[in-house]
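A.B. asks: This is what each chain is made of:
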Amino acid sequence: DAKTTQPNSMESNEEEPVHLPCNHSTISGTDYIHWYRQLPSQGPEYVIHGLTSNVNNRMASLAIAEDRKSSTLILHRATLRDAAVYYCILRALISSGSARQLTFGSGTQLTVLP
Amino acid sequence: DVKVTQSSRYLVKRTGEKVFLECVQDMDHENMFWYRQDPGLGLRLIYFSYDVKMKEKGDIPEGYSVSREKKERFSLILESASTNQTSMYLCASRARDRIPSTDTQYFGPGTRLTVL
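Protein chains in written order, with the working numbering: chain A, 1 to 114; chain B, 1 to 116.
It is possible that part of the hints are untrue.
[What the hints assert, rightly or not] Capping the alpha-carbon separation at 20 Å, the derived lysine to any residue pairs in SDA-like fashion look like this:
(1) B:Lys70 - B:Gln37
(2) A:Lys3 - B:Asp28
(3) B:Lys3 - A:Met59
(4) B:Lys3 - A:Leu39
What the hints contain is simulated information worked out from the structure, not anything from laboratory work.
The task is simple: from the sequences and hints, build the whole structure.
C.D. replies: Shown next, in the form of structure tokens:
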């Protein structure tokens with residue numbers, strides 16, 4: 001899976017929107033963009049994924065640049081419970097063997113201030 | 001609600017002990033995974049299983065073995081625990097391979113193992 005680059009940390013105020021960026025300049029045309037997050041002392045949990053078009057679900061929105069070299073996870077109103085490490089992961093169209101695993105980078109530690 | 005459970009949240013063992021970490025999922029998933037997570041190293045795959053009694057080595061299988069006798073249960077075994085196996089262990093499951101690029105892995109809460 002191709003590499004992603006995220007800021008180490010970000011801060012947000014409670015009830016304000018948060019935009020978490022991810023750069024993936026070596027993305028291939030068939031790579032999907034996945035986001036997971038890991039709350040303190042918990043296992044990672046799926047947030048959202050997309051290919052080309054922007055995506056919305058009950059947790060977040062995913063905005064994908066037109067050239068697909070970057071994407072942004074948007075939390076519309078951050079709450080204290082959104083404080084977590086957010087991981088941006090690329091998944092190849094065809095994966096086999098060990099590639100079935102998810103490859104997590106270091107992610108972005110989001111701090112939400114009350 | 002989908003569920004992956006792990007037998008213990010915290011475990012303390014002594015060097016040389018045999019350690020069993022259990023993982024159970026209730027989603028009828030074919031694929032199950034064991035990762036360990038260490039600061040600065042991210043998640044690393046130890047073993048995975050794509051069916052009952054089937055297993056494949058991940059990136060760091062040394063010092064570990066696994067067992068999958070039933071579809072819902074995947075066990076990680078440390079044959080002789082060592083201090084460098086002190087870590088957070090995470091189990092995950094996923095449905096049978098469709099298009100892997102759209103899959104979702106479901107993780108358990110993790111077991112923090114300390115080997116003294």
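A.B. asks: All hints, please: hold or fail.
C.D. replies: Status of each hint after checking the structure:
Our distance criterion of 20 Å between C-alpha atoms is broken by Lys70 of chain B and Gln37 of chain B, whose separation comes to about 25 Å. With a C-alpha separation of about 31 Å, the suggested pair Lys3 of chain A and Asp28 of chain B falls outside the 20 Å cut-off, and the hint is violated. For the hint linking Lys3 of chain B to Met59 of chain A, the alpha-carbon distance of about 18 Å falls within 20 Å, and the restraint holds. Only pairs whose Cα atoms come within 20 Å are accepted, and Lys3 of chain B paired with Leu39 of chain A is accepted, the gap being roughly 16 Å.
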